[in-house]
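J.: Dock chain to chain to rebuild the complex, using the hints, since each chain is given by itself in its own frame.
These protein sequence lines are chains A and B, in that order.
Be aware that the first sequence starts at 1, since it is given in UniProt numbering, and climbs by one per residue.
Be aware that the second sequence starts at 1, since it is given in UniProt numbering, and climbs by one per residue.
Any given hint could turn out to be false.
Now the stretches of chain A that chain B is said to cover, found in silico as 3 or more residues with beta-carbon under 8 angstroms [as the list claims (entries may be wrong)]:
hint, region
1, 24 to 35
2, 53 to 59
3, 88 to 102
To be clear about the criterion: a stretch of chain A counts as covered by chain B if any three or more of its residues have a C-beta under 8 angstroms from a C-beta of chain B, and this derived list gives those stretches [as the list claims (entries may be wrong)]:
hint, region
4, 11 to 19
5, 203 to 209
Within a straight-line C-alpha distance of at most 25 angstroms, the following computed DSS-like cross-link-like pairs (lysine-lysine) qualify [said to hold, decoys possible]:
hint, chain 1, residue 1, chain 2, residue 2
6, B, Lys94, A, Lys2
7, B, Lys40, A, Lys217
8, B, Lys237, B, Lys94
9, B, Lys94, A, Lys262
10, B, Lys237, A, Lys233
11, B, Lys94, A, Lys4
12, A, Lys217, B, Lys237
I should point out that these hints are in silico values taken from the structure, not numbers from a laboratory.
Heads up, the beta-carbon is just placed ideally off N, CA and C, and yes, glycines get one too.
Below are the chains, spelled out letter by letter.
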Amino acid sequence: MKIKILRYALLLFVLLITVGPFLWELSTSLKSGSEDIYTSTPNLLPQHPTLDNYSRVADAIPVFRYIGNSLIVAALVVGGNIVFSTLAGFAIARLKFRGRGVVLALFLATLVLPGEVTIISQFVTVRDLGLADSLIGVALPMMIAALNVLLLYNAFRALPEDIDQAAIVDGANVWQRLTRVSLPAVRGTIAVVAIFSFIAAWDDFLWPLIVLTSPDKFTLTVGLQYLSGTFAKDQRLVAAGTMIAFLPIALFFALLQRYFFKGVEEGGVKG
Amino acid sequence: MKAHRWFTPWVLVLPALLWLGGFSLWPSINTLRLSFTDAKPLGGGADFVGLRNYTDLLNDSQVWDALLNSVVYMAICLPLLTALPLLIAILVEKPLRGIAFFRTAFYTPVIASAVVVGLIWTWLLDDRGFINNVSQRLHVIQEPLPFLTDRWLVIISAVSLTVWKGLGYYMIVYLAALGNVRQDLHEAAMMDGAGPIRRFWSVTVPAVRSTIFLVSILVCVAALRVFSELYILTGGKGGPGGQDSSLVMLIQQYARGFYGDLGYASALSVLLFVVTLIPMVVLARINSRADR
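The following block holds chain B by itself, in its conformation from the complex (with noise of 0.2 angstroms):
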C-alpha cells in the first residue's frame, strides 16, 4: 500500500521552496551582483560599475569606525552575555514558588521591541535622566555623564542595550541545555564533598559546554548585526559625526531616499557577510581543538 502519492509532499513543502528561494536564495546571489552595479533605491536602470563600490569601501572612513565599533561590540558581550545568562538560567532552573513568574519577567526585555527598549534607554541615560540624577545624587559623578553624545559613551551604552535585552533570550537557550544535565553527576560530586561552586565548574560547564560554544556564536553575529540600539539612542545619526554607526546602519542609510545607492548598500552587505563568518569559523576551531 501507498502512503502517499509522489507530488503530495512536493505540494505541501512548495509554499516554503518558494519562500526560500525568493526570500533568501535569490536574494544572496542578487546582493553580490548589485554590489557591482550603481542601482537606485528609487529604480530605473542599473549599470555595471565593476570594483568601484569596493574600492570606495575601503577609503570610506564610515566604514572603518564601523567595523571597529563592532570589534569594540563584540569584545564587551562576548564574555557578558555568555556568562550572565547562564547564571541566571542556574538561579531559575530549580523549583521554587514564584519561579515561573521570575523567568517570564527575566524574559521581558527579549519582547520588547529594539525601538520600545531603545527609546527608555534613552531617557534613563539622558543628562538629566535617572542614571545620571541619581549617580550625581550619590556622589558618584560630579557632572552629568554625555551617554548619548559621546563618541566612545555612546557605544558603551548600546552595548549594555544590548546585553540587558540580551539576558533573558540566552537564558532560555541554556535552560533547556541544563533540563539535560544528569543529576546523578551532582549527586556523585555532592557526596565527594564538592561545593556549588566546584560543582558548577566541574559539572555543569562541561555537560553544557556545546551551548556556551552556541551562544557565543550567536552573540558574536548578533553583535555584528547591530542596529536599533545605535539607531534609537542616537536618533538614527550615529552619534558625533557618524561615528557611532555599525555596518547595518550604513546600509539603512544608503538605502533611502532620492540620494541613496543600493549598489553600495549591497556592497556593504557582502562585507558585513564576509564579517560574520570570521567570528564563527574563529570559534569553531577553538571549539574542535577543545575536543581533542
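Only chain A is shown next, with the shape it has when bound in the complex (with noise of 0.2 angstroms):
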C-alpha cells in the first residue's frame, strides 16, 4: 500500500513536469486582455476566460490557410507511407527473390544518416524538379521513409510462414495473399506507421522552412514562428496559436493512442 501510494505520488510529479507546461500555455490563451499574466503569484485558471485570443490569431495571420496547408502535406505524407512501405516491406519479408538481401541492407543503411546531413541536396532535387516554394515539394521526400518500410518488414516477417503456404495451395495470387491474408494481421504496424507520419509531417519545421518562400504556402509551424516574430510582445496571442497547432495533434494522438501503444508492444519498435 504504502509502495503504492509512492508510485502515485512520482506520476504525479512526472505529470505535473510533462503536462504543466501546455496547460500554464492553455491557461494563457485563455486570458483576457485585461488580466496581469506576469504577476509574481501565477493563476493557473483565467479569471475571465475568453476565446478572444484565438480569434485574434486569425486577424493576424491567415490561420486557416496555414492548417489547410498542413493537412494537404500531412495527407500526402502518410498516403504514400501506409501504401508504398506495405508494398515494399511485404515484398521482402514474404517473396523471395534474388537481391533481397541487398535492398534490406540498404534500407538498413540509410537509417544511420541523419537527414539533416542531405537536407541541402534534397532542397536542390526538389528545386530542380521545379517544386521549390510548393507543398508537393514539402511532402515529397517525406512520402517513403525508409523506417516505415523496415517496421512493416518485421511485422510481415513475424507472422507464420505456413499461412502464406496454405493460400498459394488454394492458388491465391501474390495480390491477394498480400490484402487478404497478411495485410490484417499487420493492421497494428500500419496503425503506428499512420500516427508517426503524420506527426512527423504536422510537427515538421525545419524543412518546410527550407523549401518555402512565400507566406500563403507556409505550413502552420513556419507560420507559427513568424507569428511568433511579429508579435512576441503579445504572449497571450502567441499562445493561442501554440494551442491551434496543438490541440489537434493531441486530440489525434489521444484518440488513437490505444493502437500506437498496443503496435510498440507487438514489437514494431523493437527492430
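T.: Written out as C-alpha cells, the structure reads:
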C-alpha cells in the first residue's frame, strides 16, 4: 500500500513536469487582455476566460490557410507511407527473390544517416524538379520513409510461414495474399506508421522552412514561428497560436493512443 | 508451383527504392559534390571551387562555436536522457489503475511540434515568465535570469527543452525492452533478499544494457542535430552574436535567400555527418569492450 502511494506520488510529479507547461500555455491563451499575465503569484485558472485571443490569431495570420496547407502535406505523407511501405515491406519479408538481402541492407544503411546532412541537396533536387516553394515539394521527400518500410518488414516477417503456403496451395496470387491474408494481421503496425507519419509531417519545421518562401504557402509550424516573430510581445496571442497547432494533434493522438501503444508492444519499435 | 513471377517483388519495392535512391542515396553523394562548388539557393550555374569551402569552414568562428555548443549539449543530454527515461519506464511498466493515462500523458511532449514546445518554453523562460516570477517569489533568485539572451544560459535552456521533450520518447524505447526482462530473475533476486535498488542494478540494468547503448547513441546524434529548440528560443538569431547556433542552424541560414551559399552549407553538412560518426564509433567501442 505504501509503495502504491509512493508510486502515485512519483507519477503525479512526472505528470506535472511533462503536462504542466501545456496547461500553463492553455491558461495564458484563455486570459483576457485585462488580466495581468506577468503576476508573481501565477494563476492557472483565468479570471475571465475568453476565446478572444484565438480570433485575434486568425486576424494576425491566415491560420486556417496554414492548417489547410499542413493537412495537405500530412495527407500526402501519410498516404504515401501507408501504401508504399506496405508494398515494399511485404515484398521483402514474404517474397523470395534474388537481391532481397541487398535491398534490405540499403534501407537499413540509410537509417544511420541523419536527415539534416542531406537536406541541402534534397532542396537542390526539389528545386530542379521545379517544386521549390510548393507544398508538393515539402511532402515529396517524406512520402516513403525507410524506417516505415522496415517497421512493416518486421511485422510481415513475424507472421507464420504456413499462412502463405496454405494460400498458395489454394491458388491465391500475390495481391490476394497481401490484401486478404497478411494485411489484416499487421493492422497494428500500419496504425503506428500512420500515426508516426502524420505527427512527423504536422510537426516538421526545418524542411518546410527551407523549401517555402511565399507566406501563403507556409505550413502551420512555419506560420506560427512568423507569428511569434511579429507579435513576440503579445504572449496571449502566441499562446493561442501554439494551442491551435497543438490541440488537433493532441486530440488525434489521444484517440489513437490505444493502437499506438499496442503496436509498440507488438514489437513495432523493437526492431 | 511458382509462388510469384520474378518481377512481382520488384514492382512492389520499386517506389520505395526510387525514393531511397532519389532522396537518400543520391543526395548523400550530391552533398559531397556540392561542397566543392559555389552553388546558390536560387539556382544558376555552380562552379567548382576546390577545397575553398572547407578552408573557410576552419576559419569560421561560428563553426567552432557551434561545435563547442554541440559538445556541451551532448555532455548534458547524454547522462540525463539515458537515465531518467529508464526510471520513468520502470515507474509506468507494472499495471496500476490509470497507468495508460500516465503513459499517454508522459508522451505528450513528443507528439507536439518542436515549434510549439519551443514557444511554450520561450514564455516559461521569459524575463517576466513563470519560472523567473516564481523563483523570485520564492527568493531563489533576486533578479530575473536571462535564460533567452545569455550566451550559456540559452544553451542550458535549449538542453532542458530537449531533455523534457525526449523523456517520453526514450521511455517508450525502454518500455519495449523492459517487457523482455525475465520475471523469474526478479523473483529469484527477491528470494535472496535483494531490495528494489539492488535489483535495479543487478537485474534490470544488465538485462536492458543493449537498449541503454542504443539510447545513448540516439541521444548523442539527436544532440548534434539540434535545430528547432535553439532556433525558436533565440527567435532564429542564434543568441548574442549568433554564438548560440548549432551546425544545423548554420546549414539552414546558408540555405536561404539571395545571399545563401549552398556550397558552404553542403560543406557544413559533410562536417555534421563526420561529427555524428564520432559518438557512434566511441560508444560502439565502449560497448564491445564491456561485452568482453
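J.: Each hint: holds or not?
T.: Cross-check of the supplied hints:
1. Given a C-beta distance limit of less than 8 angstroms, the hint that chain B covers the region 24 to 35 of chain A holds, as 3 residues qualify and 3 suffice.
2. Coverage of the region 53 to 59 of chain A by chain B is violated. Counting CB-CB distances below 8 angstroms, 0 residues qualify, and the rule asks for three or more.
3. Counting residues of the region 88 to 102 of chain A whose C-beta sits closer than 8 angstroms to any C-beta of chain B gives 8, which meets the bar of three, so the coverage hint holds.
4. Only residues whose beta carbon comes within less than 8 angstroms of a beta carbon in chain B count, and the region 11 to 19 of chain A has 6; three or more means the coverage holds.
5. For the region 203 to 209 of chain A, the assignment as covered by chain B holds, since 5 residues bring a beta-carbon within under 8 angstroms of that chain's beta-carbons and 3 suffice.
6. Taken as a hint, the B:Lys94 and A:Lys2 pair is honoured in the structure, with Cα atoms around 16 angstroms apart against an allowance of 25 angstroms.
7. Taken as a hint, the B:Lys40 and A:Lys217 pair is honoured in the structure, with Cα atoms around 22 angstroms apart against an allowance of 25 angstroms.
8. At most 25 angstroms may separate the alpha-carbon atoms for a hinted pair to count; B:Lys237 and B:Lys94 exceed this at roughly 45 angstroms.
9. Taking the CA atoms of B:Lys94 and A:Lys262, the gap is about 15 angstroms. The hint holds against a cut of 25 angstroms.
10. Annotation: proposed proximity of B:Lys237 to A:Lys233 holds, straight-line Cα distance about 17 angstroms (limit 25 angstroms).
11. Of the pairs offered as hints, the one joining B:Lys94 and A:Lys4 holds, with about 11 angstroms between alpha carbons and a cut-off of 25 angstroms not exceeded.
12. The hinted pair formed by A:Lys217 and B:Lys237 meets the criterion: a straight-line CA distance of about 23 angstroms does not exceed 25 angstroms.
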